[in-house]
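Assemble chain B onto chain A, guided by the hints.
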Amino acid sequence: MQFNTAQRELTLKIVYYGPGLSGKTTNLRALYQRIQPALRGHLMTLDTADDRTLFFDTLPLVFRAGNLKVKLKLFTVPGQVMHNSTRRIVLQGADAIAFVADSQPSKRQENYKYWLNMVENLKANGLSIEVMPNVVQWNKKDLGDASTAEAIEKMRKEGKQPVYEAIAVRGEGVVETFLGLVDLTFEQIDRVYLLSDKLGLDRRSFVEEVRRCLVDPPPVGDGKEPPKKGGAAPPATGTA
Amino acid sequence: MAESILQKRLVLGELLDLPSFTNVCKTFVDLYRIGLKVFDAQGTKLVDMKVASGDFCAYMFTGPNGRRLCTDTVTHIKVRPLEAQPAKLEEVIASRNCFSGLRYLMMPIVYEGDMLGRVIFGPFMPEEVGDLGQDLKSLTAEFDLVKAKELIDRIRRAPETTVRRVLEHFTRVVDVLVFTSHKAMISSQLHIESVTESYREVQEKNKKLSDALERLQELSRLKSNFLATVSHELRTPLTSVIGYSEMLLAGLAGDLNDEQKDYLKTILEKGESLLRLISSILDLSRIEARGVQLARKPTNLDEIVQSAMESVLPQSFKKNLQLTSNLSPSVQKVTVDGDKIRQCVVNLLSNSVKFTPAGGHIFVSAGPAERVPASAGPFGSSGFFQISVTDNGIGIPGELQGKVFETFFQADSSASREYGGAGLGLSIVKSYVEAHGGEVSVNSELGKGSTFTLILPIEPPGVGLGMPPTGGAPPSAVAF
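Order-wise, the sequence lines are chains A and B. Using our numbering, the letters of the first sequence map in sequence onto residues 472 to 711. Using our numbering, the letters of the second sequence map in sequence onto residues 1303 to 1782.
Careful: at least some of the hints might be erroneous.
Partner residues are not named here, just some residues of chain A that face chain B (Cβ under 8 angstroms, in silico) [to be verified]:
1) Pro508
2) Gly512
3) His513
4) Leu514
5) Leu517
6) Thr519
7) Pro531
8) Val533
9) Lys542
10) Ser556
11) Thr557
12) Arg559
13) Ile560
14) Val561
15) Gly564
16) Asn596
Simulated DEER-style distance windows between Cβ atoms [to be verified]:
17) Asp668(A) to Lys1347(B): 40 to 48 angstroms
18) Leu1518(B) to Met472(A): 54 to 62 angstroms
19) Ala1304(B) to Thr519(A): 22 to 30 angstroms
20) Ser599(A) to Ala1304(B): 19 to 27 angstroms
From the derived model, a few chain B residues whose C-beta atoms are all more than 10 angstroms from chain A [stated by the list, open to error]:
21) Asp1319
22) Val1326
23) Gly1415
24) Asn1527
25) Gly1593
26) Pro1659
I should point out that these hints are in silico values taken from the structure, not numbers from a laboratory. We put the beta carbon where it would ideally sit given N, CA and C, even for glycine.
One chain only, chain A, in its complex shape:
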C-alpha cells in the first residue's frame, strides 16, 4: 500500500494468482468490461503468441472515495511454471490476493501446488498469507464435479477466507470476487492505518464507491457470507 498524505492518495495493489490457464487474465478482461471507461486505465497484457501471459496483465482503476483519491492496481501473474521469478516480482508490495483456482478435478493438485508456491513467493517478499487479505475464486465452476463441490464446501467450512465460484469467461462471479476482496482489503488497511478515524471513510462507503465505478453493479449485499452456490456474492462481506 502506498499512502500519500500530502496528496491524499491511496494506492492498493491487488494480485490475481493461480495455476496456468485457471482464468486470471480472463478475470481482468471481464473486470475491464465492467469498469466505467472514464475511471479505468489501459488493460495492459503482456502475452505471447499463444495467448499465454508472459509477464503479467495490469488494469488500473482510479476513483475518489470521500476526499481521497484511490488507485487500485490489479495485476495477474504468469501461470506457467517457468515464470516463477516473474510471479515473485509481481507479488512485490501486494496488498491483497485473489487466488483463482481451477474447478476441473484434474487440476486439484495444480491448485494446491500453486497455493504453496504463492505462500513461498510471498515469504520471499517479506509478506505472509496469514495476514494478507485474500479470497479464493473457484473458476470454471461449470467444469467441476462432485469432488470439486466437496472441496469448496470443505474450504468454506474452514472459513479461512471467502470462497467464490465463477465462470470468468462469461463474467459470472468476477465482480463479486473483486468486490469481496476490496472489502477485505479495506478492512485490513483500516485496521492498520485507521482510515475511518482519520479520513472519515468507512468500509461500507469505500466498497460502495468501488461499486459505483462499475457499469451495472451487482445489488448491494446484506453483509453475510458469499452464497454457497452460484457466483453472486455480496460485496460487503465478512469472512465466509
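Below, chain B without anything else, positioned relative to chain A:
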C-alpha cells in the same frame, strides 16, 4: 529483492523516446500552425515549438510591464494545478489569456491516475476576440500598438473550440504513445528483472549445493578413514588366525586327524577370502582418502602378467579352467607402478575365475594398444600398451557393463551370494588405471563371456615436459 519497475513512479521523459515524440509534435504544429509545449510533472520542458509568435513575444519582452505580464502568463501555464482525474476528457482543458489578447490551452497528461505532465497549445488568437487585449492597449507608453498589431496578426487565428478539439486529439495520441512506451519499457525491464531474479535463485541454490557437497565430501573422508582404520584393525588378528591355522596344518602342534585337517582347511580358506576382502576395502579407503599414489618405474610387462597369472593358478586348477596367454614381444619395458598394475590383472583374472564355469578357459594377452584412451586427446596417437583378459564365463548384460566399475556394484545382486566378493575389485582397477592416465573397458556378451581391457601409457604422460615422471596422473584422470 530489488525494487521492481512495477513499484516505481513513472516519469514522462523516461517513458517517451524524445526525438520521435518531437517529430510527432512537429507534424501537429506544421498541420495546425499553433505553438506546442510539453512539460513533465516536475516542470521539465520536453517540447517547445513556436509558430510565428517569436517576434511578437520578443517585442513584448522589451518593456518592463510586458516582461512582467508575460512571465506571469508563462509561469501560470507551466505550473497551474490541473485536474488530474477527469470525469470527461474535455472538461479538464484549462485556458489562460495572455495580457496581449492571445490565449493558451492546457491539458494534463494523465496515465493510470497519475499526472505525468501537461500539454500547452498556444499562443493563438481566439477568433472570437480578434484584437489586441485591453491590458496591452493600456501600455501605450511602452509599446507601439501598430507594430504590436502587425506582429500579432502573424499568429494563427482560430476558434477556441477548434483548438480544444485539436488539443484533445493530440492528448489522445500522447496517451497511446505513453501506453505503448510504458508497455515496451515494462517488457524489457521486467525481462531483465526476471532473469536477474532467476540468476539470484540459481546462485542461492548453487551455494546450497556447494555447501552440501562440502559436507558430503567431509563425511566421505571420515568414512574412508574409518574404513581404513577398521580394515587395518581387522587384518591384524586375521593374519594370526591364518598363520596359526597354517602352523596347525603343517603339524607344528602335533598330528591331526583328517576331520581336523578338513576343518582347518576351511578356516584357512575362509580366512584368506576374508583377508582379500579386507585388503580390497583398505585399498579403496586409501584411494578415497588420499588418491592413488603411484610409484612408477621401468618394469617388464611379461613379468607383471606372468606374476598375476601365477597368483590365480591354484583357483583355476580347482575349477579345471584353462589359463593361457599371448604376450607380444613388441612391448617389453613399461614405466608403471608394477605392483598396482599387477593387482589390476589379478583382480581381472580373479573375476574371470569366479564367473567362468568349470572347464572354461581364460586368455590373457598383452601388447601394443589397439586404440588410445579418449582422455589422451587428439595428439595421443601412440605410446600405449594394453592387457586384455578374456573368458568364456557368464558375461554381463549390456545395460550394466558401464556400472561394473562402480564401488560395491555387482551385475546381479544374487551373484555376490553365489560367487562371493563385494564388488570392489573392478573399482580398484579403474582407480589404478586412470591414475596412470589409462582406461579400462569391458566388452561382454551375456552367456558367452567377457573381455576386460586395460590401456595404459608406456611412459608417464608428463615425461619430457618438466612434469614429474612418477606418482600421479593428469588431474582429470584422478577419480577421487
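Tested hints:
Annotation: Pro508(A) was flagged as interfacial toward chain B, and the flag is violated, the nearest CB pair being 10 angstroms apart, outside 8 angstroms. Restraint check, Gly512(A) versus chain B: the minimum CB separation of about 4 angstroms is within 8 angstroms; hint holds. Contact between His513(A) and chain B, as hinted, is supported at the beta carbon level, the nearest pair being about 5 angstroms apart and thus within 8 angstroms. For Leu514(A), the interface hint is violated, the least distance from its beta-carbon to any beta-carbon of chain B being 10 angstroms, above 8 angstroms.
Interface restraint check for Leu517(A): the shortest CB-CB distance to chain B comes to about 6 angstroms, inside 8 angstroms, so the restraint holds. Interface restraint check: Thr519(A) against chain B, minimum CB-CB distance 11 angstroms, threshold 8 angstroms, status violated. About 4 angstroms separates the beta-carbon of Pro531(A) from the nearest beta-carbon of chain B, less than 8 angstroms, and the hint is met. The restraint placing Val533(A) at the interface with chain B holds, with a minimum CB-CB distance near 3 angstroms, inside the 8 angstroms limit.
Given hint, Lys542(A) at the interface with chain B, holds; its Cβ is 5 angstroms from that chain's nearest Cβ, closer than 8 angstroms. Hint status for Ser556(A): holds, given a least beta-carbon distance of 4 angstroms to chain B, under 8 angstroms. Nearest Cβ of chain B to the Cβ of Thr557(A): about 5 angstroms, under the 8 angstroms cut. The hint holds. Restraint check, Arg559(A) versus chain B: the minimum CB separation of about 6 angstroms is within 8 angstroms; hint holds.
A least Cβ separation of about 5 angstroms between Ile560(A) and chain B falls short of the 8 angstroms threshold, and the interface hint therefore holds. Interface hint at Val561(A): satisfied, since its Cβ lies 7 angstroms from the closest Cβ of chain B, which is below the 8 angstroms cut-off. Interface restraint check: Gly564(A) against chain B, minimum CB-CB distance 5 angstroms, threshold 8 angstroms, status holds. Among the interface hints, the one on Asn596(A) holds; its C-beta lies about 7 angstroms from the nearest C-beta in chain B, closer than the 8 angstroms criterion.
Range check, Asp668(A) to Lys1347(B): about 43 angstroms between beta-carbon atoms, so the 40 to 48 angstroms window is met. Distance hint check for Leu1518(B) and Met472(A): the Cβ-Cβ separation is about 46 angstroms, which falls outside the suggested range of 54 to 62 angstroms. A C-beta distance of roughly 25 angstroms is found between Ala1304(B) and Thr519(A), which places it inside the suggested range of 22 to 30 angstroms. One distance hint, 19 to 27 angstroms for the beta-carbon pair Ser599(A) and Ala1304(B), holds here, with the actual separation near 21 angstroms.
A cut-off of 10 angstroms between C-beta atoms confirms that Asp1319(B) is not in contact with chain A; the least separation is 18 angstroms. Every beta carbon of chain A lies more than 10 angstroms from that of Val1326(B), the smallest distance being close to 19 angstroms; the non-interface claim holds. Its beta-carbon lying about 3 angstroms from the closest one in chain A, Gly1415(B) breaks the requirement of being farther than 10 angstroms from that chain. Even its closest Cβ contact with chain A, about 40 angstroms, leaves Asn1527(B) beyond 10 angstroms, as expected for a residue assigned away from the interface.
The non-interface label for Gly1593(B) is consistent with chain A: the shortest C-beta to C-beta separation is roughly 41 angstroms, beyond 10 angstroms. Here Pro1659(B) stays apart from chain A, with its beta-carbon at least about 53 angstroms from theirs, past the 10 angstroms limit.
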